[in-house]
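Asker: Listed here are the chains, written in short residue letters.
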Amino acid sequence: MLKIEDIYVGYYEDLHILRGLSLTAQTGKLTAILGANGVGKSTLLKAIYGFLTPHSGRILLNGSDVTGTATHQLISLGISYIPQQPGIFKHMSVRENLMMGAWTFQNDKKRMESKIEENYERFPILREKQHEQAGNLSGGQQRMVEIGRTLMTDPEVILVDEPTAGLAKMLSEEVYRMLVNLRDEEGLTILLVDQEIREALKIADYVYVLELGRNKFEGPASDFEDLEKAFWS
Amino acid sequence: MSDINLLLNRVSKRFGGNQAVDHVSFSVTKPELIGMIGPNGAGKTTLTNLMSGMLKPTTGTIYLNGRRIDGHPAYDVTRAGLGRTFQITRALGRMTVLENMMVPGLAHRPRARRLDLEERAHEILGLLTIDHLTNEYSRALSGGQRKLLELGRLLMLEPSVIILDEPFAGVHPRLQETIYQYIHRVHEDGKAIILISHDMDAVFELSHRLLVLHHGALIADGAPQAVRSDPAVIEAYLGHDEDD
Amino acid sequence: MAILNRIESAIDESIGRRRLGYALLGLIILFFLWFPNDASQSNYAKTVFISGFFYAIMSSSWALLAGIAGQFSFGHMAFMGIGAYVAGLVARDGIVFASLGIGITAESFSAIGTIIIGTLIAGLVGLVIGWLLLRLRSAYLALFTIAFSELFRIMMLTEYDYTGGSNGLSLRPLLQIADIDAARQVEYYLMFALLIVCLLAMYWVANSPIGLFLRAMREDEDAASALGVNVVRYKILVFVFTSMIVGLAGAIFYSDVGSERIIPEQLEVLQMSLIIAYAVIGGMESLIGAAAGAFISRYLLEAMREVVISLPLGLTLPDGSDAFVWETGAWRFAVFGVVMVFTLRYMRNGLLYPIITWFSGRDLAMQETVAKRDDDDDLDEQAGASDE
Amino acid sequence: QADGHCEFANYTITIGGLAPLSAPGAVAGGVAMDWAFNQAADDINADCGVQIDGVNYQIDVVTGDSEGSPERGQAVTERLIQEDEVDAMVGVYHSAVGLATMGMLEANAIPTVFSEPWNDNVSANGIREFDGAPPRFEDGIDHIFRISPASSMVGSVIVDWLLSLGVDDVVLIVENTDYGQPAAADEAARFEAGGATVSKIDVELGTEDFVPILSRIQARAEAPDVIRILVTGETSFNLTQQMAELGIAPSDDTICVTNQFAFQSDQYWATVPDGNFCAFNRVGIIPSLFSDAAVELNAKYEEAWGDIIPSFAMASYDAVHIVADAMERAGSYSDAAAIVAAIEATDIDLSQGRYYFEYGAHNPELPEGTPAFMWHQWPDPIVTVMQYYEPGQSGLDAAVIYPEVYQTHGTAYIAPGTSP
Amino acid sequence: MVIHDTVFVIWLLAAGPLWAAIGLFLLPSVNQGRAESEQISITTLQIAGVIGGFALGPVGVGLFYFEPALIRRTTLTAGVAITVFVSSQVLARIVDPNLPSGLWLLLAGPLWAAVAAFILPRQYRAVEANDQNVLTAAALGGFAIGPIIIGLMWKHTPKISRDWMIVLGSLGAWQIYTLFAIHNTTNPCVASPYHITYLTQQTANGVVIGAIYSLMAVGLTLIYSVQGIVSFAHGQLYMVGGYFSFYFLLHGSNILSDITGAEISINPIWGIPVAAIIVFVMGAVFERIFLKPMHEGLIERVSEYAILITFGFGFFIEYTTLAIAGPFPQRTDRFIEIRRFTLQRAQITDDFAFGPINIIGDRAFAMVVGIILIFALLYFLQRTWTGRALRATSQDRQAAAVTGINPTNMNTLSFGMGSMLAAMSGAALIPIFAWVPWVGAEMVGRSYVIVVLGGLGSVPGALLGGVIVGIVEALGAGCHPDPSRGAAYKEAFALVIFALVLLLKPTGLFGREQT
Ligand SMILES: Nc1ncnc2c1ncn2[C@@H]1O[C@H](COP(=O)(O)OP(=O)(O)OP(=O)(O)O)[C@@H](O)[C@H]1O
Ligand SMILES: Nc1ncnc2c1ncn2[C@@H]1O[C@H](COP(=O)(O)OP(=O)(O)OP(=O)(O)O)[C@@H](O)[C@H]1O
Ligand SMILES: [Mg+2]
Ligand SMILES: [Mg+2]
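Here the protein sequences come in this chain order: A, B, C, D and E.
When you line the first sequence up against the working numbering, it's residues 151 to 383, in that order.
When you line the second sequence up against the working numbering, it's residues 2 to 245, in that order.
When you line the third sequence up against the working numbering, it's residues 6 to 393, in that order.
When you line the fourth sequence up against the working numbering, it's residues 70 to 489, in that order.
When you line the fifth sequence up against the working numbering, it's residues 481 to 995, in that order.
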């Protein structure tokens, strides 16, 4: 369970983007965070993931305080992050990209191989392209590489920021299906930030809607049937 | 006001293997409010960059008010009468808000008296509700305030065509209201506006005409209602549920 | 502290900081004007000042180029050298177009004529280099200008038949005053006047629309361009302008005003680095700061050749002397490097910046806005309040 | 300080020294000169200073850092004159500095003894900057003397030696400086007058890798008879070493002549290892003729720097003595005219030998054919050619091979692989 | 023909059939993946392995192994170079020396380069063709074949590949060489019966010294690739590396001699790791204190800040060293006792002779050290986890952090390692050159040339760039028409190339396109 308590975060000393935001992502559930552009959704994920240090407030993972933990250590605590800006290593091969996902257990060759194999099963196209430079892949394929790389570590919690932005319809459906799979079959806790409201609502268990750095609405996904009201007003 | 005549003819841009803009053609001939939508990465910003001279098209031609402007440096295009804002705001950080306003002011009318320009700048800042920040370094502004500053700078230029790249992103509803007013006002002044936004409500509310980009190609160009029901657009961007 | 604050507010209320600043500046200028008349000062002190003025011109014009316009050039010394060398060559050989069989003999040029030609050629080369540099930014620009200036230096050194090689080239003396004291006096005022003129010219440029455009260009070249600033023109312009300033300063300085001859060693990267270091230490975004930085640094480097620490109370060392003498000659540049690094790291705007901002009153405005932000840290209210 | 056995007057005679103590000047040279100035002052003071009218005056040398730049040289000279109120000047390493400071020294009437600049023009009366220009010193040079050789004087010895060995194909490798170029021009003219063909190669000081240009020499159909290196400092060591490594010179075909820096045997053997028996020219007295004074001075230098004393340190040391001696004879430390007259009449034995000045106000007419630089020039700087013949040999033990009068091993050249 | 036995043996070890065999088996088996993405067939790989191994030994095999893209270009370059050389030799013998230079200026040369560079990019844009690299190709082509290139490219507007550039560039070189051969008949590069061996000798000089240059440049490029900054303290770190080695050897052998009572001298090879460790620490500490804030977003205008602050650091090091070590030149003992490897001169016909070719022993040794270190570095970067992490950080800091890499440490590591490489090349060269505190200045200028030529951030680029600069300097000094000025302009040749590359193709040979 990931719990955010009343955090204040900003990019500059004196300007807070998030102002007293709280939310909880239940274990094994998919929690969606929605909101207009720029309300601070990505900022929230960056704060959880240690790129930004909260001015105040706490971040709790399964009850223990992880506020201010350095980014590179979070992964060994079982949190992974898929940022909004695709972050693959363009000048490395697909395989090497996946290997980098195994950084935290770099000496366990067997585990690494089996995880890579898992990813190839998940995205067969990656097997075909394993020796290609990742930078030469299409946007969607790059997204696959990124997701695959994130899953190498068997995270408990993943933070996903607009995973389907820029993906073709077919692919984006695939990605959502995969998120659902991860939740249902592997029991992952997922915190999803998305602009594709409809899709997100379809798969989410619980939803938060933000407004300029604060909570606006929250509730189970079923509460958000009336889309127009909840979001576009 | 001045005659508006923006014409794009099969404009393309490639980045390495990525066809960011794919043979886009359209024209703007009257002071319309045009919305431009499309998924992330569809090429909207790239197209803006091409029109404003920040990038050189790989192929294709662009005319503005009878002058060919593709491949011309940005300042030339700006002088020809096309102004734009940036999706990721580009305030001139270590200059004050007033100085930020004076740059386009003086660039556009080098012979004007400085005091007149300053007066005009104050006026515009007042309109945009950020006049209390006049002497503030612009790097100290909040995201929304930066958006407003960018809009303000445009007015100093008096362009005939304005491209607004995501003016609402990261902007508080109150400020959004200000921007709405700004758009209406500029439109009433007889300028053509191309509005790029992911905010469907705003786009549908404001625009008279809608351009839809997908994978760099222009897949629809027409009245908002018509576009809204265009199957290709639904497939690419709006999603099926829209009309369910 | 409290007293300081009281003094501060007293000043704010009475004459205001800015005016106090101008008054102080006036005093400094008066000091410089009076200095050579101080009978207790030797000609050498004047010489140190003269070269101080020269380096102040070099550093402040570099500050205009790099600090204000954002063009990180290492070629500044080369442009100075072009001014001086061209003046010297014209004075020696005149201008000859061998292929056309026409030419102007050296005798027909006065010293001033050679200086003007030197300045113009420096500007012309600045034009070409500025144009070539349009596409290059930051590190690439720095590297290119280093290459340019090294090439120039090597040529001056190697083509000794034309340039005098490492013996250097003497220029036509600008002032021919037999009496040394009088000559030094005139040289002093000439160089000081040149500094003031250059500073005023640069100050004028920096505060004109051009200066505004240059800063806009430094902040964000693309954005400036999109706002209608002709970045090509201003980029070239700033190169031409600063090249002409240093070309002029070089041509005058080496016309037996500060030195009797220009040598290629003067164009070495080391010399260029000193100019940059002076500007950095003084504050590279301020013309006055850079000029003062250069002047003071040169003075201190000169003074630091030997540090003598007198022992108090008539104590004596075992060897009978009453002072420690630390031969800092070899260490002073090392110390200088340390100062530069720490300035950059901890006082990015130069050591003089706090003083300059205090007098300009800018920190007042900044305090104000921070206070404002603290008051209503809520964006809504800010936007709402100004809605009315 | 009162050393007990001498009573000193209150006034201290100040002599200005000029030497490059920081980059871009030749710091190594400057440091040695600075040492020599102070050593001379110490030695004079230990001997009760300068005695004028029965009063002992202490002497003090203030060294100014020329940085090897004429501009700095001028400024520092001015400081020495104005602030330190020097009574006389000595020193100067770079000719460009010497040329630049002459005007000021003349104008201020400072008796000056230059101890290291080699440019012919430094002591030449009536020098012109370029053809057609008026002479720089219309009234002549009154106050400036030189005890270092003019480049032309050095060149003649080397050239005479080589011509006497029957050399007719010469390669000159020359640094691009005020020392190298004039020296090369002079030597080339002499070689050509002697019937030899000369090819000249310029190099930039500070270059490390000479192999490409040496390969070019090596590629000639005929190996040259001699390679003469007119390059100073560490650059000359690199060049000498690479020549040997490539087997170009010294070899059976080719004689190698490097410059006087090779006399600094510790530095030389450290940077040019494994027995490279280049010949080199030596300015200043040769070790076998070292007077007691020279031996003593060398011992002090070795103690301070762990190497043999270079000639410019010796000359700098002597320069201070010449000035002090002239002051004693003039009976004044401040009367420039008297001191100059006394220097002109110098006749004194110092570490480098007997000093005197042939041409000056006392003998103003330079005979036809005597070069202008002989004015106020010590005519006898001994210039010899020396050669090592054992690896790691001290410069003091190196063989003097030319001129014949000084020969120590009875041979004018020690071929590689042989010993005298 | 007399060949020193040592040379023969060394060649056998360093190149020759042994390495050809290794290349034959190694190349195809290990690098399939990369080769596939470059579309190189196994046969090509095998051939490249054999040829590369035979000619250049481990260098050839290694280069091809790590950078398969090089294979085609290398073969192409070699082929064109040979053709160019032979044809200009032939031309020079049949053409009347009075005729061509005016003709050449009319038919090709700089004028046409300018014209082509002006016209062609416009034409490409007009017909909507991809105008990437057109400027460079047009300039090169105009220089080489004048109006013909305009016709060719105007009509067909072909896509400009690197192969085009190589061919056009070589053609330009051919022009110059031919003109040279016709006019400058006393020049050893074109005239003497030994000119082929002379050229070989100069090329060898260039390769040997160039490989050492590369080692230093690689450090610079490594720092750039991870941190995006150019270190202006690199020359001083190189210098100080030499001094650390020197003092270590001096004191080390004194101490050893004191202990054992016998005269013991330590081989300078041991100075290399010592200097490496010390300077690594120096660099790392400096990075932590002064460069770290850059990456934490605390500093505006990062690249300018980096230039200035590293510059100040270098300033400090140089003058501190001067104050401590003094201005007197130093040098350590040799690495090996062999002075030089020689191929003796042999007259074959009147017109053709072979040799001599000399390689100085210590340099050859330093070159081997340099090459081994560079390949060790390449291995480290390509095949170890830390190396991958470094590369990953250089490509995307945030993504690297997300996978658990600590980017701060990677920055420190990269600056430390870059500095260390400079120090290692210093320690490798102090047995070869007389060492003074300002010795870094010349060398660092060259490193800038190399990294820009190779493409900032590319390690193989730096390796190749070093060799190219070495060769250009050697041939420049060796072939300059005025023998008296050739050496004085040695540094200038590289600077000219540098300026041209910066102007025509700032991304260099292997640089990534800037985004
Ligand atoms: N690196 C940054 N520096 C300064 N301000 C930033 C930075 N990144 C984001 N911001 C500002 O923070 C605010 C929130 O941005 P954030 O990226 O969190 O929005 P978001 O909710 O993720 O929007 P979107 O749906 O467009 O991704 C915006 O006003 C933005 O301008
Ligand atoms: N300078 C560049 N170099 C390489 N690729 C680029 C560059 N600029 C944009 N692209 C690519 O071009 C495509 C279109 O990008 P663009 O920014 O125009 O999209 P957009 O429609 O504005 O998206 P968004 O709604 O997210 O702003 C993307 O795939 C992007 O990665
Ligand atoms: Mg976001
Ligand atoms: Mg966009």
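To be clear, the hints were calculated from the coordinates, so they are not data collected in a lab.
Here the structure is a predicted model, which means the values were calculated and not measured.
Even for Gly, the Cβ is constructed at its ideal location relative to N, Cα and C.
Be aware that a few hints might be false.
As the list claims (entries may be wrong) - Just a sample of chain C residues kept apart from chain D, beta carbon distances all over 12 Å, derived:
#, residue
1, 14
2, 21
3, 40
4, 48
5, 55
6, 159
7, 191
8, 197
9, 258
10, 259
11, 270
12, 276
13, 306
Stated by the list, open to error - Some but not every residue of chain C turned toward chain D, in silico, with C-beta under 7 Å:
#, residue
14, 20
15, 22
16, 47
17, 52
18, 162
19, 167
20, 171
21, 172
22, 173
23, 187
24, 264
25, 265
26, 305
Asker: Now tell me, hint by hint, if it's right for this structure.
Answerer: For each hint, the structure was consulted:
Under the 12 Å C-beta cut-off, the non-interface status given to residue 14 of chain C relative to chain D holds; the minimum distance is some 45 Å. At the 12 Å boundary, the C-beta of residue 21 of chain C stays outside the reach of chain D, the nearest C-beta of that chain being 41 Å off. Chain D leaves residue 40 of chain C outside its interface by the beta-carbon criterion, the shortest separation being 14 Å against a cut-off of 12 Å. Residue placement check: residue 48 of chain C does not keep its beta carbon more than 12 Å from all beta carbons of chain D (closest about 5 Å).
At roughly 8 Å from the closest C-beta of chain D, the C-beta of residue 55 of chain C falls inside 12 Å, breaking its exclusion from the interface. Its beta-carbon lying about 7 Å from the closest one in chain D, residue 159 of chain C breaks the requirement of being farther than 12 Å from that chain. Against chain D, the non-interface label of residue 191 of chain C holds: every CB pair exceeds 12 Å, the least being about 15 Å. The Cβ of residue 197 of chain C lies farther than 12 Å from every Cβ of chain D, with a closest approach of about 16 Å, so its non-interface assignment holds.
With a closest Cβ-Cβ approach of about 8 Å to chain D, residue 258 of chain C is found to fall inside the 12 Å limit, against its non-interface label. The claim that residue 259 of chain C is not at the interface with chain D is violated, since a C-beta of that chain comes within 12 Å of its own (minimum 8 Å). A beta-carbon of chain D is positioned within 12 Å of the beta-carbon of residue 270 of chain C; the least distance is around 5 Å. Some Cβ of chain D comes within 12 Å of the Cβ of residue 276 of chain C; the nearest lies about 8 Å off, and the non-interface call is violated.
Once the 12 Å rule is applied to beta carbons, residue 306 of chain C is inconsistent with being away from chain D; the minimum gap is 10 Å. With a least beta-carbon distance of about 39 Å to chain D, the hint placing residue 20 of chain C at the interface is violated under the 7 Å criterion. Because the closest C-beta pair between residue 22 of chain C and chain D is about 37 Å apart, greater than 7 Å, the hint is violated. For residue 47 of chain C, the interface hint holds, since its Cβ comes within 7 Å of a Cβ in chain D; the closest pair sits about 3 Å apart.
For residue 52 of chain C, the interface hint holds, the least distance from its beta-carbon to any beta-carbon of chain D being 4 Å, beneath 7 Å. Checking residue 162 of chain C against chain D by beta carbon gives a least distance of about 5 Å; that is within 7 Å, so the hint holds. With its C-beta approaching chain D no nearer than about 11 Å, residue 167 of chain C sits outside the 7 Å limit, and its interface hint is violated. Because the closest C-beta pair between residue 171 of chain C and chain D is about 4 Å apart, less than 7 Å, the hint holds.
Below 7 Å, beta-carbon pairs count as interface contacts, and residue 172 of chain C has one with chain D at about 4 Å; its hint therefore holds. Annotation: residue 173 of chain C was flagged as interfacial toward chain D, and the flag holds, the nearest CB pair being 5 Å apart, inside 7 Å. A hinted interface residue such as residue 187 of chain C counts as satisfied when its beta carbon comes closer than 7 Å to some beta carbon of chain D; here the least separation is about 12 Å, so the hint is violated. The beta carbon of residue 264 of chain C is positioned within 7 Å of a beta carbon in chain D (closest approach about 3 Å), and the interface hint is therefore held.
Proximity of residue 265 of chain C to chain D holds as hinted, the smallest CB-CB distance being about 5 Å (cut-off 7 Å). With a cut of 7 Å, the hint placing residue 305 of chain C at the interface with chain D is violated, because the nearest CB-to-CB distance is about 15 Å.
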